[in-house]
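Protein chains: 2
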Amino acid sequence: MPHSEELAGRRHTLAHLLAAAVLRHYPHAKPTIGPAIENGFYYDFDFGDGPKPGADDLPRLTQTMRELLPQWTEWKRKEVNPDEAKAVFADNPYKLELIDELEREGVTITLYTCGGFTDLCRGGHAPRPAQDIDPQSFTLDRVAGAYWRGDENNPMLTRIYGLAFASASELQDFLAQREEAKKRDHRKIGKELDLFTFSELVGPGLPLWTPLGTTMRILLDQYVWQLRSRFGYQRVTIPHLTRKALYETSGHWEKFADELFKVISREEKEMALKPMNCPHHTQIFARRPHSYREMPQRFAETTMVYRDEQSGELGGLTRVLSITQDDSHVFCRVNQIQQEFFSIWDIVDTFYKTFGFVLRVRLSFHDPQHPEKYLGSEEVWARAESALREIAKERGADYFEAPGEAAMYGPKLDFMAKDSLGREHQVATIQLDFNLPERFNLTCVNEKGEEERVVMIHCAIMGSIERFSAVLLEHTAGHLPFWLAPEQVRVIPVSESELKDAQEAAAEFAREGIRASVSEPSSSLGKRVREAAASKIPIRAVIGKREVRDGTLTLTHAPTNTTTTLGRSEALEVFRSHNQLGASDIRLEPQA
Amino acid sequence: MPHSEELAGRRHTLAHLLAAAVLRHYPHAKPTIGPAIENGFYYDFDFGDGPKPGADDLPRLTQTMRELLPQWTEWKRKEVNPDEAKAVFADNPYKLELIDELEREGVTITLYTCGGFTDLCRGGHAPRPAQDIDPQSFTLDRVAGAYWRGDENNPMLTRIYGLAFASASELQDFLAQREEAKKRDHRKIGKELDLFTFSELVGPGLPLWTPLGTTMRILLDQYVWQLRSRFGYQRVTIPHLTRKALYETSGHWEKFADELFKVISREEKEMALKPMNCPHHTQIFARRPHSYREMPQRFAETTMVYRDEQSGELGGLTRVLSITQDDSHVFCRVNQIQQEFFSIWDIVDTFYKTFGFVLRVRLSFHDPQHPEKYLGSEEVWARAESALREIAKERGADYFEAPGEAAMYGPKLDFMAKDSLGREHQVATIQLDFNLPERFNLTCVNEKGEEERVVMIHCAIMGSIERFSAVLLEHTAGHLPFWLAPEQVRVIPVSESELKDAQEAAAEFAREGIRASVSEPSSSLGKRVREAAASKIPIRAVIGKREVRDGTLTLTHAPTNTTTTLGRSEALEVFRSHNQLGASDIRLEPQA
Chain A
1 MPHSEELAGR
11 RHTLAHLLAA
21 AVLRHYPHAK
31 PTIGPAIENG
41 FYYDFDFGDG
51 PKPGADDLPR
61 LTQTMRELLP
71 QWTEWKRKEV
81 NPDEAKAVFA
91 DNPYKLELID
101 ELEREGVTIT
111 LYTCGGFTDL
121 CRGGHAPRPA
131 QDIDPQSFTL
141 DRVAGAYWRG
151 DENNPMLTRI
161 YGLAFASASE
171 LQDFLAQREE
181 AKKRDHRKIG
191 KELDLFTFSE
201 LVGPGLPLWT
211 PLGTTMRILL
221 DQYVWQLRSR
231 FGYQRVTIPH
241 LTRKALYETS
251 GHWEKFADEL
261 FKVISREEKE
271 MALKPMNCPH
281 HTQIFARRPH
291 SYREMPQRFA
301 ETTMVYRDEQ
311 SGELGGLTRV
321 LSITQDDSHV
331 FCRVNQIQQE
341 FFSIWDIVDT
351 FYKTFGFVLR
361 VRLSFHDPQH
371 PEKYLGSEEV
381 WARAESALRE
391 IAKERGADYF
401 EAPGEAAMYG
411 PKLDFMAKDS
421 LGREHQVATI
431 QLDFNLPERF
441 NLTCVNEKGE
451 EERVVMIHCA
461 IMGSIERFSA
471 VLLEHTAGHL
481 PFWLAPEQVR
491 VIPVSESELK
501 DAQEAAAEFA
511 REGIRASVSE
521 PSSSLGKRVR
531 EAAASKIPIR
541 AVIGKREVRD
551 GTLTLTHAPT
561 NTTTTLGRSE
571 ALEVFRSHNQ
581 LGASDIRLEP
591 QA
Chain B
593 MPHSEELAGR
603 RHTLAHLLAA
613 AVLRHYPHAK
623 PTIGPAIENG
633 FYYDFDFGDG
643 PKPGADDLPR
653 LTQTMRELLP
663 QWTEWKRKEV
673 NPDEAKAVFA
683 DNPYKLELID
693 ELEREGVTIT
703 LYTCGGFTDL
713 CRGGHAPRPA
723 QDIDPQSFTL
733 DRVAGAYWRG
743 DENNPMLTRI
753 YGLAFASASE
763 LQDFLAQREE
773 AKKRDHRKIG
783 KELDLFTFSE
793 LVGPGLPLWT
803 PLGTTMRILL
813 DQYVWQLRSR
823 FGYQRVTIPH
833 LTRKALYETS
843 GHWEKFADEL
853 FKVISREEKE
863 MALKPMNCPH
873 HTQIFARRPH
883 SYREMPQRFA
893 ETTMVYRDEQ
903 SGELGGLTRV
913 LSITQDDSHV
923 FCRVNQIQQE
933 FFSIWDIVDT
943 FYKTFGFVLR
953 VRLSFHDPQH
963 PEKYLGSEEV
973 WARAESALRE
983 IAKERGADYF
993 EAPGEAAMYG
1003 PKLDFMAKDS
1013 LGREHQVATI
1023 QLDFNLPERF
1033 NLTCVNEKGE
1043 EERVVMIHCA
1053 IMGSIERFSA
1063 VLLEHTAGHL
1073 PFWLAPEQVR
1083 VIPVSESELK
1093 DAQEAAAEFA
1103 REGIRASVSE
1113 PSSSLGKRVR
1123 EAAASKIPIR
1133 AVIGKREVRD
1143 GTLTLTHAPT
1153 NTTTTLGRSE
1163 ALEVFRSHNQ
1173 LGASDIRLEP
1183 QA
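From first to last, the protein sequence lines are chains A and B.
Its first residue numbered 1, the first sequence is counted upward by one per residue in the numbering used here.
Its first residue numbered 593, the second sequence is counted upward by one per residue in the numbering used here.
Treat the hints as calculated values from the structure; they're not laboratory data.
Glycine included, each C-beta is placed from N, C-alpha and C at the ideal position.
Careful: at least some of the hints might be erroneous.
As the list claims (entries may be wrong) - Listing some non-contacts, in silico: residues in chain A with all C-beta distances to chain B over 12 Å:
| # | residue |
| --- | --- |
| 1 | T113 |
| 2 | T303 |
| 3 | D308 |
| 4 | S322 |
| 5 | N335 |
| 6 | G526 |
| 7 | D585 |
As the list claims (entries may be wrong) - Pair by pair, the computed Cβ-Cβ distance ranges are:
| # | chain 1 | residue 1 | chain 2 | residue 2 | range |
| --- | --- | --- | --- | --- | --- |
| 8 | A | A534 | B | P995 | 51 to 57 Å |
| 9 | B | K780 | A | E254 | 58 to 64 Å |
| 10 | B | D990 | A | W225 | 38 to 44 Å |
| 11 | B | E1096 | A | A534 | 50 to 56 Å |
| 12 | A | W225 | B | R1168 | 51 to 57 Å |
| 13 | A | K191 | B | Q1172 | 38 to 44 Å |
| 14 | B | R741 | A | W225 | 56 to 62 Å |
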């Protein structure tokens, strides 16, 4: 794999090549700018009132690029003065504007020519394109509109996007993965599995969870709670509303203003929907004094928070107005921070390992250039950030630092999970907070009988149930592990004659806590098997004459497509042994 | 016990007697009106600028009433014309105003005299007060301000309240019960048990639930869910927010306007916090077509709703802005209504019996005089109300009808629970609704393949967790049954020497799902026992030298105060057998 700068050079070169190909077919086009981007490149053109390419024209343009490429053997670089440059681009107002800018900035103006095509450019190319670039390693991808320099007061240009990778096989991998990701879109899977729905009357960004989806939510939440309860967490309950005073004290009223849903009561009191749970939780902690013997206090609550997002940004479960956080706040002493972080880290590790995610850690620090975005002094931030760095080192974690990614009240330890398609998602976060305890004057009484300032640690294991569900559904392509599937077993009688046996089997499973249902023989066996498969129910249990005679079930495991025949009690044993929260998934031995 | 009309006659008589006693001490007082009320009577006086009685003067006035009573042997009734009446009350503008009114209405004016005291009156007295009324069966109670005829534009009068019952013992019972109720105030108990708190920053009406309170909430909710899950309910999840369109369709935007918390989004969209869950739940039902084979669909969700109440009306848990409803909506066919009502009725009966409440049923019908308060036509209401009446008859219930108590979309079957102090509380409700299915066009596909309108049944078993908690805490005086107590067992070592044994015992209990803690010997045994008693922890388990030697625990059951000594595993068995949801409470055999 080439160095990333080398790949960027190839992508940039391909942008030039695209411009050359476009001018071949659309001589009236005025090229503007064309950079390398993630996964490829683009070039923006003004086609004026003349014809312009659409999606259908991209294969022909790609072909032209591949035809031109062999002539692109080497680059000629030429330094020119502004007047010379303007003479070259006399009929292209966009390039003239760029040249004027370069002149004002006193930058050396350079022209690059390759394969007979000259462009205004700062350089950074594949040195010998014809030799460096595999013609099958790139393809044009799509056409979109884009304002000149991103400003909606400027003319609308036509942007052509291309994909380009180091090799033809990498391009094929990318296209295949993108195709797979499209099939795995959680919005599509959510519908197939009947997990959630949206209503135009309720509005975008406000998912409504069906019985099956709610079962999945509850199981996920119970699993997190099971992991937490081992470490002394206790659940609390708060309302979603508060008077303004709480957020004036916490600082959210000012720093979080845009995203706050504000509410005016009938008595003209200013209130808000909670965008976070921490300020409310401080008020539970502060209800009475706490002895050092009672520290840490660990509060957990799974509850919805509300953030006012622009509706254009809403889509599926990844961007919602109602966000169910599996939140927790630990109130502890400074010398308890590390132990508490390690406990949470254990929970996070266990939770994500269960689903086969690979984690790495980002230390999200504040941006010293923008102190106005944060609460608290530089000293407090320095102290908190060096504590986090120590913890990550001590743990021997795979971590990197990211300035500017902190929460407003403190630095974060963010976990990034790589999914089965190789995509990385930000998931759990642990946040260290010296600021809210200061603002709310939170203390414990220490061994000397003095009031001692406490520290808060914020953590959501899933982040939010909505976001985690989206990631998990795409990661598993909807094939949830047996313990988490809302419907676990679909018992399918071949015909009416086996219906009674099917019902008995399902009832027996249900008594043992297995979520089983019967597919009544009102349509063909094939149709009913396909329905169960489409709903990605982990186990299809078919009962025909033979199975009735033998007291067996013919089981098919949806994710692996293995089929085997087991006695009914044997089957139940397999189900039971994979039904506890977080259990490893069922592996059926294929039939001999 | 006298007939209620007879008791009302005595109370009315005592109002006259109060006026006579007041005039004895305050001759400048102008009596206005004095009716019988629940538990007693009152009389309103204008004391002008002269002296007026305060709370301290009530014993003396009560005494005077008792002294005058023997002279009140019989009534003289006299019909008079308006002029004669005005002559009698010439210096009392209030009585003159009343006489003018009677004259305009053409009502016969009567004066009643007893014990030498004459009042303008329509009658309705104890015929022979001296003989009929036990002087110890009444007492004056309190003084308050009241506007003449309840109109704030009128002068403020002084109202003196009295209590009066059929006998001296009934008065004593009432006073004792009231005293007990004050001790049992759920706000006081909530603090003693550390169940919930309020924060000035968050605001009134928005309770924050502590770890112990949340444990109680979760257990209550799990119990309701356990009862419901037997009847095919499924849980769903909705956000607390919606666009206006949902409530325009449901009718809440117009009919529920005052109590709706309205929210304007950053994009100026009109939104609202949900005051009810039904409109959201219809949108889950409506996400896809339903075959008649899938009916009923039974959705349950425990979730907070928000209603904008005036802050003056907020207090403790009985009137809150954030109301946690254990809500459910059954979508069914007309011929399934009765069966669904009976299922819910079974759940309600089981739930309230668990806590020892006695239930009766109110059929809350609409008020035909005020159709504007309701959705839907007279026909639909008549149909729904007669269906409810049939169900109550069929069930053989103790019911009464109450016009004007319906919900805006349909009639209700309200359960009234009598608590241990004899007070009646409205608790669960079942509501029958033909209107929302119409408004949201909710249907199922019937046997003929046609769309058939469905019916909705709304029900909350607890009503709300807040209200039910308040009622339950007062009903039990905070002595929650063992299975529901957030902390069930407090293990109390007599001294440091038994601490290890105490910790072992508590850990053993915890492993078996018993919520047990250890009271560390940092203060005297007596103090720690008193603390546990004040927190009303059901079982105090003391371990001293003898208990360590014998492997026993000395258990005290807080509600009954019985004490007994049991082996550790014997004790665990007692705890376990009373720990399932809804279990009967522990009864310890007193020590021999």
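Does the beta carbon distance between K780 (chain B) and E254 (chain A) stay inside 58 to 64 Å, or does it fall outside? Distance hint for K780 (chain B), E254 (chain A) is violated at roughly 38 Å.
Classify the label on T303 (chain A) as holds or violated, using whether its beta-carbon is more than 12 Å from each beta-carbon of chain B. Non-interface label on T303 (chain A) violated, nearest chain B Cβ at 9 Å vs cutoff 12 Å.
Supplied distance hint 56 to 62 Å, evaluated on CB atoms of R741 (chain B) and W225 (chain A): holds (59 Å)
Is the distance from the Cβ of D990 (chain B) to the Cβ of W225 (chain A) consistent with 38 to 44 Å? holds (42 Å)
Would D585 (chain A) pass as off the interface with chain B, using Cβ distances and a cut of 12 Å? Check passes; 24 Å lies beyond 12 Å.
Starting from the range 50 to 56 Å, see whether the pair E1096 (chain B) and A534 (chain A) falls in it by beta-carbon distance. Given about 54 Å between the Cβ atoms, the range holds.
Tell me if the beta carbons of W225 (chain A) and R1168 (chain B) are separated by a distance inside 51 to 57 Å. Violated, at about 22 Å.
Once the closest CB in chain B is found, is it more than 12 Å from S322 (chain A)? Violated, since 3 Å does not exceed 12 Å.
For the pair K191 (chain A) and Q1172 (chain B), does the Cβ-Cβ distance stay inside 38 to 44 Å? With Cβ atoms ~39 Å apart, the hint holds.
Does D308 (chain A) really sit off the interface, with its C-beta more than 12 Å from all C-beta atoms of chain B? With a cut-off of 12 Å, D308 (chain A) comes too close to chain B, as the shortest Cβ separation is near 5 Å.
Please confirm whether N335 (chain A) is truly not at the interface, meaning its C-beta sits more than 12 Å away from all C-beta atoms of chain B. holds (21 Å)
For T113 (chain A), which was marked as not at the interface, is the minimum beta-carbon distance to chain B over 12 Å? Given a closest Cβ separation of 49 Å, the condition holds.
Of the numbered hints stated above, those contradicted by the structure are hints 2, 3, 4, 9, 12, listed in ascending order.
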